[in-house]
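Enquirer: Based on the sequences and whatever the hints tell you, model everything.
Position 33 (the sequence shown) corresponds to 32 in numbering that gives the first Met the number 0; numbering is contiguous.
The hints are simulated quantities; they were obtained by calculation from the structure and are not laboratory data.
It is possible that some hints are incorrect.
Unchecked claim - Listed next, the in silico DSSO-like pairs over lysine-lysine satisfying Cα-Cα at most 27 Å (straight line):
1) LYS42 / LYS7
2) LYS7 / LYS52
3) LYS28 / LYS7
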Amino acid sequence: MATQDETKAEGVTTFHSRAVSYRYLLSVKRDKLMIWLEDRSSKRQWQTAYMPKDDYVTTANAFVDATSADYAS
Numbered sequence: 000m001a002t003q004d005e006t007k008a009e010g011v012t013t014f015h016s017r018a019v020s021y022r023y024l025l026s027v028k029r030d031k032l033m034i035w036l037e038d039r040s041s042k043r044q045w046q047t048a049y050m051p052k053d054d055y056v057t058t059a060n061a062f063v064d065a066t067s068a069d070y071a072s
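Expert: Written out as structure tokens, the structure reads:
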């Protein structure tokens with residue numbers, strides 16, 4: 000369960016280059032984003048640490064005044 004200073008989004012996604020579906024969880028704590036993926040068939044998992052916005056936002060992909068929670072939604 001997400002606390003007041005934590006935002007979570009989860010679901011299922013696929014990527015065009017592979018015919019594999021993944022479960023995902025995006026979690027934001029203290030304005031840092033964590034990404035977790037799990038291959039739904041093999042159950043292999045991948046996860047980042049909680050990253051500051053500078054680690055995943057550049058001038059090429061930035062939204063004006065967006066918070067980490069905005070990127071996770």
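Enquirer: Please go over all the hints and tell whether each is borne out by the structure.
Expert: Status of each hint after checking the structure:
1. A C-alpha spacing of about 21 Å is found between LYS42 and LYS7, which places the hinted pair at or below 27 Å, so the restraint holds.
2. Distance check on the hinted pair: LYS7 and LYS52 sit about 16 Å apart at the alpha-carbon level, within 27 Å; holds.
3. Simply put, LYS28 and LYS7 have alpha-carbon atoms about 9 Å apart, close enough for the 27 Å limit, and the pair holds.
This entry satisfies every hint, going by the numbered hints stated previously.
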